[in-house]
Amino acid sequence: DVKVTQSSRYLVKRTGEKVFLECVQDMDHENMFWYRQDPGLGLRLIYFSYDVKMKEKGDIPEGYSVSREKKERFSLILESASTNQTSMYLCASSSGGGVSYEQYFGPGTRLTVT
Amino acid sequence: DAKTTQPNSMESNEEEPVHLPCNHSTISGTDYIHWYRQLPSQGPEYVIHGLTSNVNNRMASLAIAEDRKSSTLILHRATLRDAAVYYCILRGSGAGSYQLTFGKGTKLSVIP
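Protein chains in written order, with this note's numbering: chain A, 1 to 114; chain B, 1001 to 1112.
Keep in mind the hints are simulated off the structure, nothing from the lab. Possibly wrong hints are sitting among the right ones.
In silico DSS-like cross-links for lysine-lysine, where the CA-CA straight-line distance does not exceed 30 Å [claimed, not checked]:
(1) K70/A <-> K3/A
(2) K1003/B <-> K1107/B
(3) K13/A <-> K53/A
(4) K71/A <-> K53/A
(5) K1069/B <-> K1107/B
(6) K55/A <-> K3/A
(7) K18/A <-> K71/A
(8) K1104/B <-> K55/A
(9) K1069/B <-> K71/A
(10) K57/A <-> K1003/B
(11) K53/A <-> K3/A
(12) K1107/B <-> K3/A
(13) K3/A <-> K71/A
(14) K18/A <-> K53/A
(15) K57/A <-> K1107/B
(16) K1003/B <-> K13/A
(17) K1069/B <-> K1104/B
(18) K55/A <-> K1003/B
(19) K13/A <-> K70/A
(20) K3/A <-> K1104/B
(21) K55/A <-> K18/A
(22) K18/A <-> K3/A
(23) K57/A <-> K70/A
(24) K3/A <-> K13/A
Please construct the entire structure, taking both the sequences and the accompanying hints into account.
So this is what it looks like as structure tokens:
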């Protein structure tokens, strides 16, 4: 089975801190994604990557950056955390080819910024 | 991007079939219809997808209207574990169509 793991289920950080969220997948997938999920707003795409060292902005990239140095790992970075970045963060991966493009999601990291 | 419209919530009795509707009147000829669901406190999981023909898998069936402007996800016998938010998503098949755009979905409650 495909497995997508995220470094923490729960995280509490202070305003202004630099925050790293890590995501690892074990299926050699080309594509990886970061979403955030907020009540009433659904899932929104922050960034995605279709290859090592490649990245594309999603719908809400402001305040975030990403890093993909290895195929299996995709990191989301909050350079200076703010309270409006309190959210559930979900990582996903998918194969680059094929009709399905099925995305496999991790369990999520609930980040609280105080 | 083509949009989908789903009811905010639905209820079903346990052991009965559930039909979850989705309208997508602006679908293009190359858009695939995907369904995901999200159980409480978990990330979304893939359920099923199709293009024109009805599809079946171990989790559900997908019925697609002949004009492709609507589709229905069918759970044949709802269980308590099927209580989740179900998302209907359109996805292009061209190069670069990596994204899934999630709407608000339908929250399915299953009554014992």
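Hint check:
1. Proximity of K70/A to K3/A is assessed by CA-CA distance (about 16 Å); at most 30 Å being required, the pair is judged to hold.
2. Using a Cα cut-off of 30 Å, the hinted pair K1003/B and K1107/B holds, with the two alpha carbons roughly 18 Å apart.
3. As the CA atoms of K13/A and K53/A are separated by approximately 27 Å, the hinted pair is consistent with the 30 Å bound.
4. Between K71/A and K53/A the alpha-carbon distance is near 9 Å, which keeps this suggested pair within the 30 Å criterion.
5. For the proposed pair K1069/B and K1107/B, the alpha carbon gap of about 22 Å is at most 30 Å, so the pair holds.
6. The suggested pairing of K55/A with K3/A holds, with an alpha-carbon distance near 22 Å, which does not exceed 30 Å.
7. Using a Cα cut-off of 30 Å, the hinted pair K18/A and K71/A holds, with the two alpha carbons roughly 23 Å apart.
8. Distance hint between K1104/B and K55/A is fulfilled; the C-alpha atoms sit about 26 Å from each other, no more than 30 Å.
9. Of the pairs offered as hints, the one joining K1069/B and K71/A is violated, with about 38 Å between alpha carbons and a cut-off of 30 Å exceeded.
10. For the proposed pair K57/A and K1003/B, the alpha carbon gap of about 20 Å is at most 30 Å, so the pair holds.
11. For the given pair, K53/A sits about 22 Å from K3/A by alpha-carbon distance, which is consistent with the 30 Å threshold.
12. Restraint check: the Cα-Cα separation between K1107/B and K3/A comes to about 26 Å, which is no more than 30 Å; the hinted pair holds.
13. For the suggested pair K3/A and K71/A, the alpha carbons sit about 14 Å apart, so the restraint of at most 30 Å is met.
14. Of the pairs offered as hints, the one joining K18/A and K53/A holds, with about 21 Å between alpha carbons and a cut-off of 30 Å not exceeded.
15. Of the pairs offered as hints, the one joining K57/A and K1107/B holds, with about 29 Å between alpha carbons and a cut-off of 30 Å not exceeded.
16. As the CA atoms of K1003/B and K13/A are separated by approximately 36 Å, the hinted pair breaks the 30 Å bound.
17. Taking the CA atoms of K1069/B and K1104/B, the gap is about 19 Å. The hint holds against a cut of 30 Å.
18. Restraint check: the Cα-Cα separation between K55/A and K1003/B comes to about 25 Å, which is no more than 30 Å; the hinted pair holds.
19. Taken as a hint, the K13/A and K70/A pair is honoured in the structure, with Cα atoms around 26 Å apart against an allowance of 30 Å.
20. At most 30 Å may separate the alpha-carbon atoms for a hinted pair to count; K3/A and K1104/B meet this at roughly 25 Å.
21. Simply put, K55/A and K18/A have alpha-carbon atoms about 20 Å apart, close enough for the 30 Å limit, and the pair holds.
22. The hinted pair formed by K18/A and K3/A meets the criterion: a straight-line CA distance of about 27 Å does not exceed 30 Å.
23. With a CA separation close to 19 Å, the supplied pair K57/A and K70/A stays within the 30 Å bound.
24. Taking the CA atoms of K3/A and K13/A, the gap is near 27 Å; set against the 30 Å cutoff, the hint holds.
Hint violations for this structure: numbers 9 and 16, all remaining hints satisfied.
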